[in-house]
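*Asks:* This is what each chain is made of:
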Amino acid sequence: MEVDLERERVQEKIEQTDKADLVVGIVAEIDQAGIEVLVESLRNFPGVPRIVVLQKGLSTKSPATAAEGSGKDAAKDASLAVLPWPLELGAAATPVEIISEAYRSVFAASDKLEARACCIVASTLESATAQWICQLLRPLLQEDFDFVAAHYARRTFGGLLNYSIVYPLTRCLYGKRIYNPMGPDLGVSRRLYQRLLWANGNTRPGNGRIHPLASFAPMALCRSLKVGQVHVAARVDTPTDWTNVGPLMSSVLGPLFVDMEINASCWQRTRGSTLVPEFGLPLPVSREPGKVDIGRMVETFRLGIRDLREIWGAVLPPSSVFELTKLARMTPEQFRLPEDLWARIIFDFALAHRLRTINRNHLLPSLAPLYLAWVASYAREMDAGATQAERIIDRVALAFEAGKPYFISRWRWPDRFNP
Amino acid sequence: MWYQAKLALYESATRFLTGLARLLPGIVALVAALLTSVFLAWIIAKIVRWILSGLHFDEKLTHWGFASLADLSPLNSPARLVSRTVAGLVIIAGGLIGLAAVDVESTTLLVRSFFGYMPNILAAILVLFIGTVVARFVARSVLIGAVNMNFQYARLLSNGVKWLVIVLTVAMALEHLRVGPVIVQLAFGILFGGIVLALALSVGLNSKELVTKSLDHEASPTTNATIEEPFHHI
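Chains as they are written, first to last, in our numbering: chain F, 1 to 419; chain C, 1001 to 1234.
Derived by calculation from the structure, the hints in this document are not laboratory data.
Hints are all accurate, no fakes.
Examples of chain C residues lying across from chain F (beta carbon under 8 Å, computed):
(1) R1140
(2) S1141
(3) V1147
(4) R1155
Bear in mind the structure is a predicted one, so any value in this text is a computation, not a measurement.
Don't be surprised by glycine CBs; every beta carbon is placed ideally from N, CA and C.
With the hints as extra help, turn the sequences into a complete structure.
*Replies:* What follows is the structure in C-alpha cells.
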C-alpha cells in the first residue's frame, strides 16, 4: 500500500518533469556523499544534457532527497533532477530479479521522458563510481552508441560464471567479444530500450519471455546496432553462498538459453569473433587474497557423477559422460576439465533446455556440480602459477568457438546428430 | 420303480438341456460381444494413436513439462498409453454387454454396482498417477539440491522422500477404493512413521559433522568460508 502511494507520487513527479536526454537508475548502495559527487559530475557533463537520476531507497516524503541534499546549485539546476525510485520487488527476489525489475522500471520512466539513453548503476566498484558512470554515458550521448557494457577489471577468482559460460557463449554465438554481456551496469540507447519494451508488451514482471539482462547484447548484435564497452574498476563482490549455486545457475543461464532460442536464426549465421570498440584504459588482473581449496568442489563433482548420472546421461552424449567419469577418478593435483569438453557440456545443456529433455527446474541446477568442476580445474591451474587468468579464459572462449559447428549440428538435427 | 427312475432321468436331462439351450445364445452373444469389442478396441486404438501421432502428442507432452510420463508409458510413448487405455475401456464395455446377454438380472446388478464403483476406481487411478509424477519430481529436486549442498547421503534422502510420497499416495488410493480402511490407515501410519524415523536416523548419524560446522558458523558469523575462499560466481 505504502509502495503504491510512493509509486504514484513518483509517477506524478516524472510527469511534472520535462523531457530528459538521459535517465540514470541507481540500484547500488551508494552513500549520500557518493550521490553528491555523482550529481556534480553529471552536471558538468559536456553538452549539458537534461538528466534524471532515479535513486532506489529515497522517499518522496523525505526532507532531504538527493536533489535537495546535493547542494543549492543542483536544486536550482533545471537540467538535473534526482527522484526517489520505489521498486516493486517480492520478499524473495534474487539479485538477478532485482536488477531485471530495475531495468524494466527505468525503461518505462525513460520512455515517458523520451530520453535518448538510459543507464543502470547496479554495482559498487572499488574506486571512483561517479567517474566510471560518466565514462559509460559518454559513448551513448556523444557517439550515438546503442549498447555500452562495462568491462570490469578482472580479479583472478571473480565473475567465474560469466567467464566460464556467459562470455564465451555470447562471444561464440554472436561473434563479438563483449566481456560482461549481462552487465549488470549497462548503457542503452532509446532505440534499444524501446525494442525491449515493445518485445515485452504489457506483461507483468517475470512473465515476459524477453529478459532484460540476457537480451540486451544479443538484441543489439543481431540487429547490427552500435555496440561498445568501457573499462571500469573491479566490482566489490558479495560473499559466495555455496549452498545457492543451483538456483544461481537457473537465474543466470535460464534467460540466456531462452534468448538463444529466440535468436537462433541470427547466431547460426555467425562464425568467429571480433573485438568491439573499447573506451578507457584496461586495468591489470588482480589476485584475491585467501587460500584456494578445491577439495569441496571436486567432492561435489564426484557426488554428481555418482548420483546425477541418470540426469546427465539424458542430457550429454555417452562420450562426454565417459570423459567425466575419467575426470572423477583423478586426484585433486591432476584435476583438469578440458576446455573442449566444457564447451560441449554447455552446448548440450543449452540444447536440452530447448528440447526440454528433462524439466527445466531440474536441468540447470544439475549443471552446478559440473560448473564447480570447471572452477576447481581453473583454480588448480591458477594455483600452479603456470598460466595467466586471461589466457585460460581466452582458451575457453576459443574452445567454444571451435565447438560451434558441433552445436549447430546438434541444434538443427538433435536426433540424427548425437555422437 | 424302473419307470419312475427313467422318468426322473428324462426330466433332469430335459431340464439341463433346456437350461443349456436357453444359456447357449447368451454365451455365444458373450463371445461375439467380446470378439467384436476386441476388434473394435484394436481399430479405435489404431485411430487414437494415429491422431495423437499426427498431433505430435509425445513431443508436446514433453514440451508441457510432463517428460516423466514417458517413463511410465509402454515403449516410452504416452500416445501408446492413451490408446491402450481407450482400448481397455472398449473391451470392458464389450464384456459388460456380453454378460448382460447371458443373465439379465444378475448382470444388471453387476453392471450397476460396477458403475457405482467406477468413480472410486477413476479417483484412485488419478491419485496414483499424480502421486507418482509428484514423487518423481520431488525426489529429483531433493537429489539435485542435496548433491549441490555436498550431502553424501543425497541418494538416500531422495529415495526416502520418494517413498514417503508414494506411500501417502497408495494409502490415499486405497482409501478411495474402500479396501480395508482401518488396516490401510494403520499400515500407512506405521510405514510413514518408519520411513521418517529411518531417514531421521540415517541423516542424523551421517550429518554430525555438518551440524557441528553449522553451529560453528552460527557462533562466529565471520566464518572461514568467506575469508579463505576467494571464489565469486557473479
